[in-house]
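Number of protein chains: 4
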Amino acid sequence: MKRNPKSAWQNEVELEIPFHDLDPLNICWHGHYVRYFEIARSALLRTFDYDYLEMRDSGYAWPVVDLQIRYIRPLHFRQRIVIQTYLMEWENRLIFEYIVRDAESKERLTRGRTTQVAVDIETGEMCLISPPVLKEKLGVK
Amino acid sequence: MKRNPKSAWQNEVELEIPFHDLDPLNICWHGHYVRYFEIARSALLRTFDYDYLEMRDSGYAWPVVDLQIRYIRPLHFRQRIVIQTYLMEWENRLIFEYIVRDAESKERLTRGRTTQVAVDIETGEMCLISPPVLKEKLGVK
Amino acid sequence: MKRNPKSAWQNEVELEIPFHDLDPLNICWHGHYVRYFEIARSALLRTFDYDYLEMRDSGYAWPVVDLQIRYIRPLHFRQRIVIQTYLMEWENRLIFEYIVRDAESKERLTRGRTTQVAVDIETGEMCLISPPVLKEKLGVK
Amino acid sequence: MKRNPKSAWQNEVELEIPFHDLDPLNICWHGHYVRYFEIARSALLRTFDYDYLEMRDSGYAWPVVDLQIRYIRPLHFRQRIVIQTYLMEWENRLIFEYIVRDAESKERLTRGRTTQVAVDIETGEMCLISPPVLKEKLGVK
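So the sequence lines, in the order shown, correspond to chains C, A, B and Z. Residue -15 is where the first sequence starts when you use our numbering, and the numbers rise one by one after that. Residue -15 is where the second sequence starts when you use our numbering, and the numbers rise one by one after that. Residue -15 is where the third sequence starts when you use our numbering, and the numbers rise one by one after that. Residue -15 is where the fourth sequence starts when you use our numbering, and the numbers rise one by one after that.
Please keep in mind that the hints were generated in silico from the structure rather than gathered at the bench. No experiment lies behind these values; they were computed from the predicted model shown. All clues given are correct.
Some but not every residue of chain Z turned toward chain A, in silico, with C-beta under 8 Å:
id: 1; residue: V18
id: 2; residue: R19
id: 3; residue: P47
id: 4; residue: V48
id: 5; residue: D50
For each residue, glycine too, the CB sits at the ideal point set by N, CA and C.
Assemble the whole structure, with the sequences as input and the hints as a guide.
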């Protein structure tokens, strides 16, 4: 996990656009990007041992409460893309930002952002502040 | 629920093919039919009060262990289809058969078949005979 | 198509959450909403005869360039929802807003917004102003 | 591409089960396997330069006309799987068989089979014999 000015927690995953994600215009249907972002986020969460399974074991669910995607250029069949994911905020909620680039040209193709909040699985209550377990996982005070 | 020679338990649901189910050839991608069959099966299971929620409450999961689809004619955007679903076997496992027809012409477009077996949720063991709760739901002895 | 203060072009569609849209937390996975919005938008576009097929025949594709979803409450299995769709802007681009409500209680569950721009299919160029065909379809001057 | 008794044309791809493919029972929903098979088949088709794009350029579409899946054991979150794909028949149609194994234990988890037939894109007619281009691609006489 590299550290850079944008965020101390970031990651890169590489994916390829499969046939079943294409629409009749021969480009990736815009709804599939949500899956790509989740794969990228899941990989980043795993670097600090707090992916879905660890979230659940810690007693918290982290539902996505906000999603934003800005489509800059279309994605095509077999295109290899790199998703750069940045953890932008964690004190009260988890905010991730995503940049999708062509794996070869590095051209920026899409930008995205997701927001998640902690929900106590037992009580069903939303947490206004991220639970201590997140700080521990991130190794911050 | 009509009774006919093919099966005492059968049902019909009508669906429409949405844009996001199309592939670059402008026809419905073959994998989406699995969703259509599930919607149809879910509707039939509900007629005897044994859909997913009641399965779970009865202590059994019913995973699909076999799937077969025969594609006869392609499905197109906005096409309205009717799925006729038949419960073909229930004593040891649940076998459903599906016929997809054009809602207007009634032409047969697809045939399918799914097999499910009961798994005891507590022990994780597969049941070789369908559990009594299914008989009760079906009202058979 | 009813006229109201929010938009002259609006529509309502009713959907039900199927099993295959649920995630391990027993709620609808957040990415599936993009499909629901498309079904709703497609229905509204059809009221003025400018759905995907008519777009294509008019020589324009209308890719989604921006997507925003605000998840307020989760959706559950078998829950019936109503999606209210409003055409908010059309002069330079198509902006739709969506409100997802529980079909019974009318409680607001989700808000969404999509932006599409016209692309000339022949030249591949993005239009800075919506092409005349859209005005004709909408019956505005 | 290894040669073995089962088929001269075979391949292996490795995949990981993502969160959004799980259902409420915490296992991979049975319909997603169709995507996995397509990714595996696409990789094998590429080894002899006849994936979707080359099919289209050769004037033929190859719709799937039959699908069979036998689910042996469930797939879980983050599980790494290997899909072994075998081209079993090509003279009159393309038949692929798939074996899904756990990437580590090599345990067999799923078996599948798809059948595709050539359709002349211009005339829309189904070919009873595979077109010569397939033989050329496979390097057989």
